[in-house]
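> Generate the whole structure from the sequences, applying the supplied hints.
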Amino acid sequence: MPPPSSRMTKNRPQPIRYRPGKAEVAEEASEDEESEQSDDEAAQEEVAAPRAPQPKATSFPSHNKLAVDLSKADQQTSAAPKSAPKKQDDDDLEGFVTASESSEEDEAGGSSDEEGADSSEEEEESSDDEPKKPMLRPTFISKAKRAQQATAQPQRSADDAAAEEERKRKEKADEMLQAQLERDAANRAAGRKAWDDDADINPEDEVDDTDGVDPEAERAAWKLRELKRVRRDRLAIEEKEKEREEIERRRNMTAEEREAEDKIYIDAQKEDREGKGQMGFMQKYHHKGAFFVGDEQDEEVQKVMNRDLAGARFVDETGDKGVLPEYMRIRDMTKLGKKGRTKYKDLKAEDTGRWGTELGNKRRDYDGLDDRFRPDERGGGGGEREQTGANAQPVGERRRREDDDGYRDRDGKRVRYD
Amino acid sequence: MVHHADAKKALDERGYTGTLLHGDNPLKLFEKAVRDRIVDSYYWKEQCFGLNAATLLDRATDLSFIGGTYGVAQKPTPFLCLAFKLLQLTPSKDIILFYLHQEEFKYLRALAAFYVRLAWEKDEEVYKTLEPYLADRRKLRRRVREGWALTYVDDFVDDLLVKGRVCATTLPKVNPRGFLEDEGKLEERVSALGEELEEMDEDSGGDESEGEVEEVGSAMVVGRGGGDGEVVSDEEMSGD
Chain A
1 MPPPSSRMTK NRPQPIRYRP GKAEVAEEAS EDEESEQSDD EAAQEEVAAP RAPQPKATSF
61 PSHNKLAVDL SKADQQTSAA PKSAPKKQDD DDLEGFVTAS ESSEEDEAGG SSDEEGADSS
121 EEEEESSDDE PKKPMLRPTF ISKAKRAQQA TAQPQRSADD AAAEEERKRK EKADEMLQAQ
181 LERDAANRAA GRKAWDDDAD INPEDEVDDT DGVDPEAERA AWKLRELKRV RRDRLAIEEK
241 EKEREEIERR RNMTAEEREA EDKIYIDAQK EDREGKGQMG FMQKYHHKGA FFVGDEQDEE
301 VQKVMNRDLA GARFVDETGD KGVLPEYMRI RDMTKLGKKG RTKYKDLKAE DTGRWGTELG
361 NKRRDYDGLD DRFRPDERGG GGGEREQTGA NAQPVGERRR REDDDGYRDR DGKRVRYD
Chain B
419 MVHHADAKKA LDERGYTGTL LHGDNPLKLF EKAVRDRIVD SYYWKEQCFG LNAATLLDRA
479 TDLSFIGGTY GVAQKPTPFL CLAFKLLQLT PSKDIILFYL HQEEFKYLRA LAAFYVRLAW
539 EKDEEVYKTL EPYLADRRKL RRRVREGWAL TYVDDFVDDL LVKGRVCATT LPKVNPRGFL
599 EDEGKLEERV SALGEELEEM DEDSGGDESE GEVEEVGSAM VVGRGGGDGE VVSDEEMSGD
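First to last, the protein sequences are chains A and B.
Counted from 1, the first sequence has number 120 at position 120 by our numbering; the numbering is strictly sequential.
Every position in the second sequence, counted from 1, becomes a number in our numbering once 418 is added.
Hints may contain errors.
Claimed, not checked - Calculated pairs, EDC-like style, for lysine to aspartate or glutamate (alpha carbon to alpha carbon, straight line, at most 16 Å):
no.: 1; chain 1: B; residue 1: LYS603; chain 2: A; residue 2: GLU206
no.: 2; chain 1: A; residue 1: LYS223; chain 2: B; residue 2: GLU521
no.: 3; chain 1: A; residue 1: LYS284; chain 2: B; residue 2: ASP573
no.: 4; chain 1: A; residue 1: LYS223; chain 2: B; residue 2: GLU617
no.: 5; chain 1: A; residue 1: LYS228; chain 2: B; residue 2: GLU599
no.: 6; chain 1: B; residue 1: LYS540; chain 2: B; residue 2: GLU613
no.: 7; chain 1: B; residue 1: LYS557; chain 2: A; residue 2: GLU206
no.: 8; chain 1: B; residue 1: LYS557; chain 2: A; residue 2: ASP214
no.: 9; chain 1: A; residue 1: LYS223; chain 2: B; residue 2: GLU614
no.: 10; chain 1: A; residue 1: LYS223; chain 2: B; residue 2: ASP554
no.: 11; chain 1: B; residue 1: LYS557; chain 2: A; residue 2: ASP211
no.: 12; chain 1: B; residue 1: LYS557; chain 2: A; residue 2: ASP233
no.: 13; chain 1: A; residue 1: LYS228; chain 2: B; residue 2: GLU614
no.: 14; chain 1: A; residue 1: LYS228; chain 2: B; residue 2: ASP572
no.: 15; chain 1: B; residue 1: LYS581; chain 2: A; residue 2: ASP209
no.: 16; chain 1: A; residue 1: LYS223; chain 2: B; residue 2: GLU599
What the hints assert, rightly or not - Have a look at the derived ranges for each label pair, beta carbon to beta carbon:
no.: 17; chain 1: B; residue 1: THR473; chain 2: A; residue 2: GLN178; range: 23 to 29 Å
no.: 18; chain 1: B; residue 1: GLN492; chain 2: A; residue 2: LYS270; range: 47 to 53 Å
no.: 19; chain 1: A; residue 1: ARG250; chain 2: B; residue 2: GLU522; range: 55 to 61 Å
no.: 20; chain 1: B; residue 1: ASP577; chain 2: A; residue 2: ASP211; range: 44 to 50 Å
no.: 21; chain 1: B; residue 1: VAL490; chain 2: A; residue 2: LEU347; range: 55 to 61 Å
Read the hints as simulated data drawn from the structure, not as lab findings.
None of the values given here were measured: they were computed from a predicted structure.
Quick reminder that beta carbons are idealized off the backbone N, C-alpha and C, glycines included.
Here it is in structure tokens:
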């Protein structure tokens, strides 16, 4: 795998350009360019190297649980709690590489091939750490020592590493499961449910449903309820009985008796409806609304509600304007006394038409006179309607001349008859 | 019948091929709005997934209140969710009767009673099964729209038998008891008070019944009012 670059580009890092007014911080760039290739390989291992003293975090699995030799620090896969202390160490140790560490690094460098898996995980962190990587001090290992290193590394086989990893993972899973179980038990003990988001309302405070607090009182309460139920049932039965009796009674009566009873009932109804009073002269019509009321109202309330006010707005309002003087008999009392008020009452009162009142009023002086003495017809007689005596014969057809073809009116001349 | 763990098919109205209650999908006994609330609730999603009769029993023993929906958003109670699950599973009569017979868990009993009222189609069976529990006087905590209320097992069973709507569901129509008695399918109810009731009746029509009335309510006011009226008029006349 090619060495990871922190800048994610294949371009060579250029020297920083001059920008007027900006301070130059250009020294690292040139160094990085030169040592880039050599550093990248060792960088991954260096990141792991200063981790030798493990931090004592409580979330971290304890020493005995992890059956892992902590001295093999570089082999460990990354775990979240470790990343923070790692970075801290990095900051502290930046630029300082002791002789012992550098020898470790060399050992680690030889095993880079086998730890492909590990290093891939560590790269995530090493990519962060690369700008802060400590500077290497190249140490010289003689040929003999180099050979020793080479033989020491391959003993740690891939299988072992895999087995180590698995064990670690299992431990972690067990520990997480343990934590979850403990949390569940704690929640159950506290009475919280995962699906209940209003557990802060403690139900026991509101209503207590423990039985046996006061057996006598409970028994008495139950007895009361049971009696109510029994009474309800009995009343229902009685109602039904009454209805049946009524039906029987009516069936046994004759038709006349039935009518008599019905009449009484209807008259009573009519009285209720009409006994409310007539509408006075020019009284405003008011209907109090057709809402069902039922029996819930008290008698007093019913009396008040059924008063015969007819929508009067104030106490002295007279429904019947017949008692007022003529001047005050107006519909809209606000117009009373205003200048220029015409006393227009209503259309009917102001109408001057006669509307059939005088149909039979036409009488003439000559009504009883004989036909001979009646006056002539007015209006000219309508043109000879009455023909008496010699004028009573009908007039014959007019003679036609032969040379006449119909009417000779074309010249505008009068038609002649000779 | 194949049991699917999440029973999606039961909720889908088109392809339903399971048992029918009252001639339709059992889940339709709950209204659409209530069904939607139940299925969207956390309790249903977490706790009611893949239940069978035995695991439902476990859940029911953990119940601590009854109720329908509550709150502004009409949140369903666990009671309602479990009832919905029972409708989905439609367990056999034996299982439900077993639930009912459990003395130790009153909420389980309430749940089973609710299911009996909803699911059983023969009216006589409903009455016969539920009426013995009118003697169970234990307290039940009930979640109402705003807050809590106290009720009793016998009160709850009575509501199931008499009322039309309980716990956010409209109960299927059942003939009133009088009707069934007239038809001869049921005997008259023998109250759990039994002997005490007879004693009360024997004592007298007058004092005892009036005592009852005072204790209980105002329905019989007419009788008393008449009595009072007469007394007053006598006094007046004697005064004059």
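> Each hint: holds or not?
Verification of the hints:
{"no.": "1", "hint": "LYS603(B) with GLU206(A)", "in the structure": "43 Å, violated"}
{"no.": "2", "hint": "LYS223(A) with GLU521(B)", "in the structure": "20 Å, violated"}
{"no.": "3", "hint": "LYS284(A) with ASP573(B)", "in the structure": "54 Å, violated"}
{"no.": "4", "hint": "LYS223(A) with GLU617(B)", "in the structure": "14 Å, holds"}
{"no.": "5", "hint": "LYS228(A) with GLU599(B)", "in the structure": "20 Å, violated"}
{"no.": "6", "hint": "LYS540(B) with GLU613(B)", "in the structure": "30 Å, violated"}
{"no.": "7", "hint": "LYS557(B) with GLU206(A)", "in the structure": "14 Å, holds"}
{"no.": "8", "hint": "LYS557(B) with ASP214(A)", "in the structure": "12 Å, holds"}
{"no.": "9", "hint": "LYS223(A) with GLU614(B)", "in the structure": "10 Å, holds"}
{"no.": "10", "hint": "LYS223(A) with ASP554(B)", "in the structure": "11 Å, holds"}
{"no.": "11", "hint": "LYS557(B) with ASP211(A)", "in the structure": "6 Å, holds"}
{"no.": "12", "hint": "LYS557(B) with ASP233(A)", "in the structure": "24 Å, violated"}
{"no.": "13", "hint": "LYS228(A) with GLU614(B)", "in the structure": "14 Å, holds"}
{"no.": "14", "hint": "LYS228(A) with ASP572(B)", "in the structure": "12 Å, holds"}
{"no.": "15", "hint": "LYS581(B) with ASP209(A)", "in the structure": "23 Å, violated"}
{"no.": "16", "hint": "LYS223(A) with GLU599(B)", "in the structure": "24 Å, violated"}
{"no.": "17", "hint": "THR473(B) with GLN178(A): 23 to 29 Å", "in the structure": "25 Å, holds"}
{"no.": "18", "hint": "GLN492(B) with LYS270(A): 47 to 53 Å", "in the structure": "51 Å, holds"}
{"no.": "19", "hint": "ARG250(A) with GLU522(B): 55 to 61 Å", "in the structure": "57 Å, holds"}
{"no.": "20", "hint": "ASP577(B) with ASP211(A): 44 to 50 Å", "in the structure": "19 Å, violated"}
{"no.": "21", "hint": "VAL490(B) with LEU347(A): 55 to 61 Å", "in the structure": "59 Å, holds"}
Violated hints, in rising order: 1, 2, 3, 5, 6, 12, 15, 16 and 20; the structure is consistent with all others.
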